[in-house]
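Undergrad: Same order as they appear, the protein sequences are chains A and B. Heads up: the first sequence runs through residues 1 to 225, numbered per our numbering. Heads up: the second sequence runs through residues 1 to 340, numbered per our numbering.
Please note that a few of the clues may not be correct.
[To be verified] Partial selection, computed: residues in chain A whose CB lies under 10 Å from chain B:
hint, residue
1, Ser62
2, Thr99
3, His101
4, Arg102
5, Arg128
6, Trp146
7, Asp148
8, Ser152
9, Arg208
10, Asp209
To be clear, the hints were calculated from the coordinates, so they are not data collected in a lab. Because the structure is a prediction, the values reported are computed rather than measured. Note that CB positions come from ideal geometry on N, CA and C, so glycine has one too.
These are the residues of each chain, in order.
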Amino acid sequence: MTARHMLVLLAFLPALAPAQEPSTIRAVRAATSVADDPDHPAWNSAPASIVKLETAFPGHPSISGTAVTQNAEVRALATAAGLAIRLEWSDPAADAEKTQHRFADGAAVQFPRDGKAETTPYMGGAGRHVNIWYWNAAKNAAENLWADGFGSLTRLPAQDVRASGRHADGRWRVAFFRAWRSAEPRAAGLRGNTPIAFAVWNGANDERDGFKAVTMNWQSLQGGR
Amino acid sequence: MSSRQLAMVIDLNKCIGCQTCTLACKSQWTDRDGREFMYWNHVESKPGKGYPRDWENAGGGWESGAGAAGSGGDKLKPGRLPRLEEDYGIPADFNYDAALFQEGEQPLRPMQPMQWGPNWEEDQGAGEFPNGYFFYLPRLCNHCTKPACLAACPRQAISKREEDGIVLIDPSRCRGYRYCVAACPYKKIYFNPLAGRSEKCIFCYPRVEKGIPQACAYQCVGRARHVSWLDDKAGAAWRLVHEWKVALPLHPEHGTQPNVYYVPPLSTATFDAEGKPTGTPRIPADYLVSLFGPGVQAALDTLRREIARKEKGEASELMDLLIAYRHGDMFRLDRLGSQP
Chain A
1 MTARHMLVLL
11 AFLPALAPAQ
21 EPSTIRAVRA
31 ATSVADDPDH
41 PAWNSAPASI
51 VKLETAFPGH
61 PSISGTAVTQ
71 NAEVRALATA
81 AGLAIRLEWS
91 DPAADAEKTQ
101 HRFADGAAVQ
111 FPRDGKAETT
121 PYMGGAGRHV
131 NIWYWNAAKN
141 AAENLWADGF
151 GSLTRLPAQD
161 VRASGRHADG
171 RWRVAFFRAW
181 RSAEPRAAGL
191 RGNTPIAFAV
201 WNGANDERDG
211 FKAVTMNWQS
221 LQGGR
Chain B
1 MSSRQLAMVI
11 DLNKCIGCQT
21 CTLACKSQWT
31 DRDGREFMYW
41 NHVESKPGKG
51 YPRDWENAGG
61 GWESGAGAAG
71 SGGDKLKPGR
81 LPRLEEDYGI
91 PADFNYDAAL
101 FQEGEQPLRP
111 MQPMQWGPNW
121 EEDQGAGEFP
131 NGYFFYLPRL
141 CNHCTKPACL
151 AACPRQAISK
161 REEDGIVLID
171 PSRCRGYRYC
181 VAACPYKKIY
191 FNPLAGRSEK
201 CIFCYPRVEK
211 GIPQACAYQC
221 VGRARHVSWL
231 DDKAGAAWRL
241 VHEWKVALPL
251 HPEHGTQPNV
261 YYVPPLSTAT
271 FDAEGKPTGT
281 PRIPADYLVS
291 LFGPGVQAAL
301 DTLRREIARK
311 EKGEASELMD
321 LLIAYRHGDM
331 FRLDRLGSQP
């Protein structure tokens with residue numbers, strides 16, 4: 001984090017609402033192979049946690065505006081093969097096309113690489129990087145990324161995260177899946193209980209990059225392997 | 001700011017709107033892989049909405065600051081993203097087979113309906129007969145000294161090269177957020193939806209690194225484009241910009257300090273009601289000032305004075321420079337040989 005980014009953060013801190021109790025997302029064991037199917041019946045057996053989303057710290061003068069999405073429903077399933085996480089949120093229009101002037105909807109799941117909540121959930125920091133699973137409606141696929149501060153987001157060599165989304169009845173359902181073990185040394189461990197954070201982008205509102213709705217602090221994922 | 005700056009001067013009195021530069025650029029850089037709609041270099045007719053449509057009202061650049069004129073402030077002005085169909089124009093296919101190889105008289109035309117395109121307003125111009133007027137304005141990335149695109153990028157994906165001032169987007173850093181597209185007041189950065197990232201004129205840096213001029217400049221049949229280092233006192237850029245002060249930046253009010261300069265267009269006199277020439281140039285002076293800033297009048301006066309000299313058979317260094325008797329004299333790119 002640069003000095004300027006720190007200043008941006010500090011400028012926003014007083015405006016922060018009192019830290020909310022983090023939601024607990026309990027991963028339920030599922031016998032079937034759910035993978036990244038957002039409509040798999042096994043999701044019905046997982047309890048839904050509602051996470052509150054707010055406009056992220058801008059982090060750069062180019063980023064401005066108020067993000068649209070205010071909450072998301074999160075479920076998690078622990079299968080023999082790996083961890084599946086599903087985000088569901090309200091969005092009347094599916095923006096699944098990237099044109100010259102339009103942005104696509106998106107969603108992301110973020111983990112601290114070291115599994116510790118001391119890592120900042122705002123894109124990580126120096127020496128404490130985060131692993132991000134990013135889904136974009138235009139590609140309807142996942143990207144496995146890491147970051148250690150604003151502006152540092154980088155694609156990881158091992159792309160072993162899958163994601164798939166479906167838009168129906170004014171809602172997106174996006175399921176992420178990764179095997180328990182990853183060949184990527186910078187990937188999150190997914191062992192035991194781990195901090196987890198979420199982000200949603202509404203393309204129709206020109207949301208992209210740091211212009212997004214996020215959980216303002218780490219949530220808790222329980223029941224990882 | 002870079003330690004040296006490669007600059008281009010385009011003489012608008014010599015541009016005939018043939019689009020050879022446009023095609024030289026397109027066939028070299030933008031005829032494939034999602035770039036088909038892009039024209040890193042194009043020539044538009046002025047006055048007009050240009051390309052992308054209405055780019056002069058699409059925002060971007062720097063808020064005017066307290067500094068010297070043209071130096072800009074330190075806050076970016078908001079800008080909007082051009083649309084494909086309405087502002088750039090679709091890269092339409094043409095009915096070549098029907099027009100060229102089938103029986104009957106079929107005109108060559110796009111096979112999909114088009115709403116806009118580069119130089120859509122070909123030769124339209126402004127003014128009423130017999131005093132209508134237009135001129136051609138070739139445009140490319142200005143490789144600005146204070147690039148708004150670079151400042152707008154939250155990912156440091158845009159850089160200005162230290163050795164020649166060329167502004168480049170690093171495709172491995174760009175994630176297609178398009179703050180740069182909005183920030184460029186010239187709308188010379190394009191988002192490639194296929195690649196998911198933004199792209200722009202690279203000032204033909206692979207050619208420049210070998211001492212070869214940019215394709216647009218080298219191919220110009222009108223000998224309208226000069227390229228040299230801005231600090232090379234023997235080069236056309238220094239001589240036309242700083243010595244003769246006849247080459248001016250486009251829309252300097254945006255504060256980005258562009259490094260493509262233009263020799264403003266002279267025009268013939270308007271006719272009065274009796275059909276007699278009035279002596280007033282038909283391209284209004286205030287319109288040229290709105291494009292090239294307050295230096296226009298002095299530049300045009302210098303050009304007229306030097307043309308008159310040449311007409312009288314006197315010597316004019318300026319005219320010789322602009323005439324460019326030898327094609328090779330228009331380009332001085334050698335890094336070592338042209339140190340000031």
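Undergrad: If a hint holds in the structure, say so; if it does not, say that too.
TA: Structure-based check of each hint:
1. Ser62: OK, holds: Ser62/A within 10 Å of chain B, min 4 Å.
2. Thr99: 6 Å, holds
3. His101: At 4 Å from the nearest chain B Cβ, His101/A passes the 10 Å test, so the hint holds.
4. Arg102: Since chain B brings a Cβ to about 8 Å from Arg102/A, closer than 10 Å, the hint holds.
5. Arg128: 20 Å, violated
6. Trp146: 14 Å, violated
7. Asp148: Where the cut-off is 10 Å and the nearest Cβ of chain B is about 13 Å from Asp148/A, the hint is violated.
8. Ser152: Because about 8 Å separates Ser152/A from the closest Cβ in chain B, which is inside the 10 Å limit, the hint holds.
9. Arg208: Holds, about 5 Å.
10. Asp209: 4 Å, holds
In summary, the numbered hints that this structure violates are 5, 6 and 7.
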